[in-house]
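All chains should be built: construct the whole structure from the sequences, respecting the hints.
Number of protein chains: 2
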Amino acid sequence: MPSSRYVSPKSMYFREPLVLESGASIAGYTLVYETYGTLNADRSNAVLVCHALNASHHVSGVYEDTGEVGWWDNMVGPGKALDTDRFFVIGVNNLGHCYGSTGPMHINPATGKHYGADFPVMTVQDWVDAQARLADGLGIQQFAAVMGGSLGGMQAMTWTLRYPDRVANAVIIASTSHLSAQNIAFNEVARTAILSDPDFHGGDFYSYGVVPKNGLRVARMVGHITYLSNDDMSEKFGRELRSGEYKFGYGVEFEIESYLQYQGNKFSSFFDANTYLLITRALDYFDPAAKYGGDLSKALEKTRAKYLIVSFTTDWRFSPECSRIIVDALIHNGRQVTYAEIDAPHGHDAFLLNDARYHETVRAYYDRIWQEITEVD
Amino acid sequence: MPSSRYVSPKSMYFREPLVLESGASIAGYTLVYETYGTLNADRSNAVLVCHALNASHHVSGVYEDTGEVGWWDNMVGPGKALDTDRFFVIGVNNLGHCYGSTGPMHINPATGKHYGADFPVMTVQDWVDAQARLADGLGIQQFAAVMGGSLGGMQAMTWTLRYPDRVANAVIIASTSHLSAQNIAFNEVARTAILSDPDFHGGDFYSYGVVPKNGLRVARMVGHITYLSNDDMSEKFGRELRSGEYKFGYGVEFEIESYLQYQGNKFSSFFDANTYLLITRALDYFDPAAKYGGDLSKALEKTRAKYLIVSFTTDWRFSPECSRIIVDALIHNGRQVTYAEIDAPHGHDAFLLNDARYHETVRAYYDRIWQEITEVD
Chain H
725 MPSSRYVSPK SMYFREPLVL ESGASIAGYT LVYETYGTLN ADRSNAVLVC
775 HALNASHHVS GVYEDTGEVG WWDNMVGPGK ALDTDRFFVI GVNNLGHCYG
825 STGPMHINPA TGKHYGADFP VMTVQDWVDA QARLADGLGI QQFAAVMGGS
875 LGGMQAMTWT LRYPDRVANA VIIASTSHLS AQNIAFNEVA RTAILSDPDF
925 HGGDFYSYGV VPKNGLRVAR MVGHITYLSN DDMSEKFGRE LRSGEYKFGY
975 GVEFEIESYL QYQGNKFSSF FDANTYLLIT RALDYFDPAA KYGGDLSKAL
1025 EKTRAKYLIV SFTTDWRFSP ECSRIIVDAL IHNGRQVTYA EIDAPHGHDA
1075 FLLNDARYHE TVRAYYDRIW QEITEVD
Chain U
725 MPSSRYVSPK SMYFREPLVL ESGASIAGYT LVYETYGTLN ADRSNAVLVC
775 HALNASHHVS GVYEDTGEVG WWDNMVGPGK ALDTDRFFVI GVNNLGHCYG
825 STGPMHINPA TGKHYGADFP VMTVQDWVDA QARLADGLGI QQFAAVMGGS
875 LGGMQAMTWT LRYPDRVANA VIIASTSHLS AQNIAFNEVA RTAILSDPDF
925 HGGDFYSYGV VPKNGLRVAR MVGHITYLSN DDMSEKFGRE LRSGEYKFGY
975 GVEFEIESYL QYQGNKFSSF FDANTYLLIT RALDYFDPAA KYGGDLSKAL
1025 EKTRAKYLIV SFTTDWRFSP ECSRIIVDAL IHNGRQVTYA EIDAPHGHDA
1075 FLLNDARYHE TVRAYYDRIW QEITEVD
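If you read the sequences in order, they're chains H and U. Position in the first sequence (from 1) plus 724 gives the number in the working numbering. Position in the second sequence (from 1) plus 724 gives the number in the working numbering.
Hints may contain errors.
If chains are identical, the list can't say which one is meant, so a pair holds when it fits in one copy or spans any two.
Below, computed lysine-lysine pairings styled on BS3-like, alpha-carbon distance capped at 27 Å [said to hold, decoys possible]:
# : residue 1 : residue 2
1 : K990      : K1015
2 : K1022     : K960
3 : K971      : K1015
4 : K1022     : K971
5 : K734      : K937
6 : K837      : K937
7 : K1015     : K960
Hints are computed from structural coordinates only; laboratory data are not their basis.
As structure tokens, then:
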């Protein structure tokens, strides 16, 4: 591992309160972020990478102390599809999240206690507004691209709506313009598991020295099922038994049970329950077309960016149909759209995995962006 | 409502212990059942209807006191697809269930306490063995048909394997020969919610005067999502809000949330948590091909029945592909199989709903059975 791959998080504090979509506001807040590569002289090569539910500002590279590799390191780095030898890439932990940026587990300066249940509900737009201040702070007027998968893709789309002049390209992967009833239903199961865990204490569990692990475990398990394709799960786990025979009990017997319990336990040991509620609600609420009577074309009229939209055939959380709806609405507005539907077996999680066609598609798109930047130069 | 539609449950006690597939045995037990129509002189017109997760012996007709209508009353009754003017139909509550037959909430004669966690894990085969004794008690040597949807279909299939000479026809609807990894995963989420509810008390909640309602609610909510199709859920609920606007909180806002909470709350107010565990485990374990190296054709060699198999296009819990696997294995054995894949929008739940093509298919099949019975006469 070359030492150039070592990265460290930074943070920026914003004193000015942020007025949220709900009408509430949050007092001064901190965003934790990382950067990779070098901002060029005319500040035209910046790319913002937005994260999904369980990810962070640590997009690329390696932490020297822990060895932790960035969550999208296969995509972002020197010589990779999003090449940090060319682009100045920023990863930022969203407001309200639990990996360093101000969130429900921090002290509310107004009360001197943990925010807990008092932490305001946030929307994708609020995250983007908070990110815009980070861009200001870094002296970036316009991003060459804003990019994200799943919930990260919603942020990229929202950037092109909220700050049309500040985004040249949006890369929206495995995402959707709105959650379906089924998507919301799965989120509601997760929230119910957390809210009804006695250790949740109405969101103020920090004061009790406990964590609603049981609720978080169930939330993660049900979420995880929606990230994998049925076929992929059958292929990986099938009906394999851990011990080769039925035990006639209710403990873990099938490999798929073991896998889900492992994922749920791990997640519940580090993730914040209030953040989980907040993120699932932001997902539910995301629906740019709602203010336009459900007309996504109308909603996207004000956009100015070019788009790369990518979907995966076996993604049943945000299916290719969800991406096609976005593509159609953009084309209807005369926007320049590249759309790739990748035949991949890994369901929604495919956006995080290595897949040559997928990565080459993204690489080709960034090559084009790079040409445009360097031509301007 | 003609008074002839009024029905009442009966019960039969079996003194002889039942040895289970696990090797454990259960002491004397009671099965609650109902019958509709009249057994003919040569006892050739009996049909057993097996129930799925949340159903019972109350298949058809009406209870005079409560007005409760049988769960498959649209299918079974005078003049209906399964015509009780012709057939003598039996509904039976499965052993271990919570609607009257001996289950975990009853007193274990060996200890004088509730069975609770001591109630043995049961399999589909165990249920069928218990049902066979009921058939003996009713003087029925061979059923004209054994019929069921979902888990009920697994029982019908098992009858033809376990008692090949006692079933002339099996009607297997919206079912499968084995659960997929994804199916098991959803069951594991439900079980984890119940097992980790502090009110579960390791299955002995009866002694504590509490019910693990939170766990049961989550279990039912996640189950319910798998019963409905994505499209049907979108059509029925979409993104409709109860109050027309976002409340920026974690309470119920979307209609789909309200619906799921209602279903979860209702279910948790009457269903037994140990029964839920027992049934989901029986579902997981069902896999007649397992003893034959995964070869379902081999497993079905010993069958003698004729089959009607029905699936529904939008059923993603037990998809048409699951039914086709059964059909192929039966054809491979030279069995007489009628297969109908019904184009219906309502997902797995379609097997309980009115659908003209579906009901006419079943009716035509029973017409044929009736002809065969009366020709013999």
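*Can you name, in rising order, the numbers of the hints this structure does not satisfy?*
Hints 1, 5 not satisfied by this model.
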